[in-house]
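Student: Residue strings, one per chain:
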Amino acid sequence: MSEPVLRTEGLTKRFGGLIAVDNLSISLASRRIHAIVGPNGAGKTTFFNLLSGLLRPDSGRVLFRGQDITGRRPHEISRLGIKRTLQVKSVFPQLSVAENLWITRQARSRFLHPFRSAASDLEAKSQVERTLDQIGLAGLAARPAGTLSYGDVAMLEIGMAVISEPSLLLLDEPTCGMSPAETNRAVAKIRDLAQTIDIVIIEHDMDVVFGIADDITVLAQGAILASGSPAEIADDERVREAYLGRPEDEDFVEEAAHA
Amino acid sequence: MTRRSIEIGVAVAFSAFLIAVPWLVPALTDTFWVSVITEILIWSLFAASANLLLGYVGLLSFGQALYFGFGMYGVALGIDNLGLSFWPAFGLGIISAMAMALVSGVFAVRLSWHYFAIITVVFSLIFYFLAVSMKPLTGGDDGVNFSLPPVFHFGRTVWSLTDPTFQYFFVLAVVSVCYFLMYRVIKSPLGKGFVAIRDNDLRASLIGLNVYVLRLIAFVMAGFLAGVSGALFAFFGRYASASYMFYQVSGEAVVWTIVGGAGTMFGPLVGTTLFIVIREIVSSHWEHHSLIVGLLAILAVIFAPKGIVGLWNGWMTRLDERDAAASAQLKLQAEP
Numbered sequence: 314m315s316e317p318v319l320r321t322e323g324l325t326k327r328f329g330g331l332i333a334v335d336n337l338s339i340s341l342a343s344r345r346i347h348a349i350v351g352p353n354g355a356g357k358t359t360f361f362n363l364l365s366g367l368l369r370p371d372s373g374r375v376l377f378r379g380q381d382i383t384g385r386r387p388h389e390i391s392r393l394g395i396k397r398t399l400q401v402k403s404v405f406p407q408l409s410v411a412e413n414l415w416i417t418r419q420a421r422s423r424f425l426h427p428f429r430s431a432a433s434d435l436e437a438k439s440q441v442e443r444t445l446d447q448i449g450l451a452g453l454a455a456r457p458a459g460t461l462s463y464g465d466v467a468m469l470e471i472g473m474a475v476i477s478e479p480s481l482l483l484l485d486e487p488t489c490g491m492s493p494a495e496t497n498r499a500v501a502k503i504r505d506l507a508q509t510i511d512i513v514i515i516e517h518d519m520d521v522v523f524g525i526a527d528d529i530t531v532l533a534q535g536a537i538l539a540s541g542s543p544a545e546i547a548d549d550e551r552v553r554e555a556y557l558g559r560p561e562d563e564d565f566v567e568e569a570a571h572a
Numbered sequence: 399m400t401r402r403s404i405e406i407g408v409a410v411a412f413s414a415f416l417i418a419v420p421w422l423v424p425a426l427t428d429t430f431w432v433s434v435i436t437e438i439l440i441w442s443l444f445a446a447s448a449n450l451l452l453g454y455v456g457l458l459s460f461g462q463a464l465y466f467g468f469g470m471y472g473v474a475l476g477i478d479n480l481g482l483s484f485w486p487a488f489g490l491g492i493i494s495a496m497a498m499a500l501v502s503g504v505f506a507v508r509l510s511w512h513y514f515a516i517i518t519v520v521f522s523l524i525f526y527f528l529a530v531s532m533k534p535l536t537g538g539d540d541g542v543n544f545s546l547p548p549v550f551h552f553g554r555t556v557w558s559l560t561d562p563t564f565q566y567f568f569v570l571a572v573v574s575v576c577y578f579l580m581y582r583v584i585k586s587p588l589g590k591g592f593v594a595i596r597d598n599d600l601r602a603s604l605i606g607l608n609v610y611v612l613r614l615i616a617f618v619m620a621g622f623l624a625g626v627s628g629a630l631f632a633f634f635g636r637y638a639s640a641s642y643m644f645y646q647v648s649g650e651a652v653v654w655t656i657v658g659g660a661g662t663m664f665g666p667l668v669g670t671t672l673f674i675v676i677r678e679i680v681s682s683h684w685e686h687h688s689l690i691v692g693l694l695a696i697l698a699v700i701f702a703p704k705g706i707v708g709l710w711n712g713w714m715t716r717l718d719e720r721d722a723a724a725s726a727q728l729k730l731q732a733e734p
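Residue numbers (this note's numbering), protein chains in the order written: chain F, 314 to 572; chain U, 399 to 734.
Errors might be hidden in some of the hints.
As the list claims (entries may be wrong) - Not everything, but these chain U residues come out facing chain F in the computed CB check (under 10 Å):
hint : residue
1    : V572
2    : V575
3    : L579
4    : G591
5    : V609
6    : V611
None of these hints come from the bench; they were simulated from the model.
Just so you know, these numbers come straight off a predicted model, no measurement behind them.
For glycine and all other residues, C-beta sits at the position ideal for the given N, C-alpha and C.
When you get a sec, could you build the whole thing from the sequences and use the hints?
Tutor: Now the structure itself:
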């Protein structure tokens, strides 16, 4: 097996008395879509926050292609090529759709020119146009991102991830709030991206997870409950019990409604 | 009329007015108003400094008077104590304002919103009280006076700000250059980075923008604008005083910006013009003219949250939409 894209060693994060991520050691292989699932509060988003630098771990290490990135700041990690989307959709609401893509593209470089006209950068402009076509938002290019529908914002977030040409992409519930048609479009796009980019995805929609993931890790209470191929996870008794709940549980009905 | 033709018309009329001021205004009213307009131009640059932070980076500073004061004292002490001529004194004012902005910015821009607003007030209060207490150097609230060195000499011809017409054009030129620089920055990749941070700083850091450094750059740029306006105001008044470093002065820049339109190029100029004209007209008849300022600020926040320029932009956008609808209608009728 080649060197893992991302490896964590004994990663731990506490919030007061709550252990959100508990001594997590995980290794993600290259060129595979890795899904992280688990009930609410399992520590999935906290795990992403530790990887992307929004939180510092209390202990443990994060290694990206063998390089220790523990405790680095978000923009430094971003510039290494680790890009992420947020669970609550997050774009620049007063900038237009095209400007959102444009600034994301520009942010890859260290230096932002203070006097040259932003509109004169033809390379970035053509990148923006190509990405707009890819995510199907060309007709909305001039609209402020804050006025888009929820599904379009989610597509724009994927577009922002694409245009930054990441080498590792962390997607936090990318299809949450999308219509079935939009979900299909997003899933197709993610599959397409996976040809060239390593992807880790947090997702609640089990159809999406089992549709695209090569490997699945199940988290519960901040620790790994199970890890394996979709078929192995689907057959795992413990996963069913912890994540889907026992049939007699009242929770089962609720979880099933979410899935 | 289309949006473009209206905007070009306004720009041409406005530029023509600014160039004609030294002749037009005395003919219509009184020479006194030339100096009021000079003062408006200078203070609009100070409001632009608050606007760069509030409108484009999303930082509410109540401490811009500190950098205005450094611009003033740089000029006054440079001439009076160090015996500098015009341009070196001007440079000293601007550089000391930027240096002070860099030093306080290193601490201030780590914080956001109310914490940022508070620390900017604290910095400006510290230096206000220092300036008041260092009376032998700064003259305290009374200030220090100086005599103006000439701006240029060519042989025997001397240009000095003592000539009101030359002073007006000198201020107009400096202010125009500053507005032009600000326009370039706002339209540049750096400016887009500023706006991205204003809109969503968390997202900005995740796409790879160094939020801290960009905010610091903006803060020093705002220090530059405040410093230039302070230096110009020192030349204009031939003196510098600690009273201009008080936070109330900073607050005025914020109010002018909000009423004129934060996050717009000319909002600060419109707001500054409105309030200084009101002050000049009303204050001779009624001492409580600041009540009008308060009332207008409240009205603006409620009815025009994007300020007067925001209202104007709204009308222009509606005009655009009407034109687009009309041309679509026309196309529809033309088809058989």
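Student: So, for every hint listed, does it hold in this structure?
Tutor: Against the structure, the hints:
For V572 (chain U), the interface hint is violated, since its Cβ never comes within 10 Å of a Cβ in chain F; the closest pair sits about 18 Å apart. Annotation: interface hint on V575 (chain U) violated; nearest CB of chain F at approximately 13 Å, more than 10 Å. Among the interface hints, the one on L579 (chain U) holds; its C-beta lies about 8 Å from the nearest C-beta in chain F, closer than the 10 Å criterion. Interface hint at G591 (chain U): satisfied, since its Cβ lies 5 Å from the closest Cβ of chain F, which is below the 10 Å cut-off.
Given hint, V609 (chain U) at the interface with chain F, holds; its Cβ is 7 Å from that chain's nearest Cβ, closer than 10 Å. Because the closest C-beta pair between V611 (chain U) and chain F is about 9 Å apart, less than 10 Å, the hint holds.
Checked against the numbered hints given earlier, this structure breaks hints 1 and 2; the rest are met.
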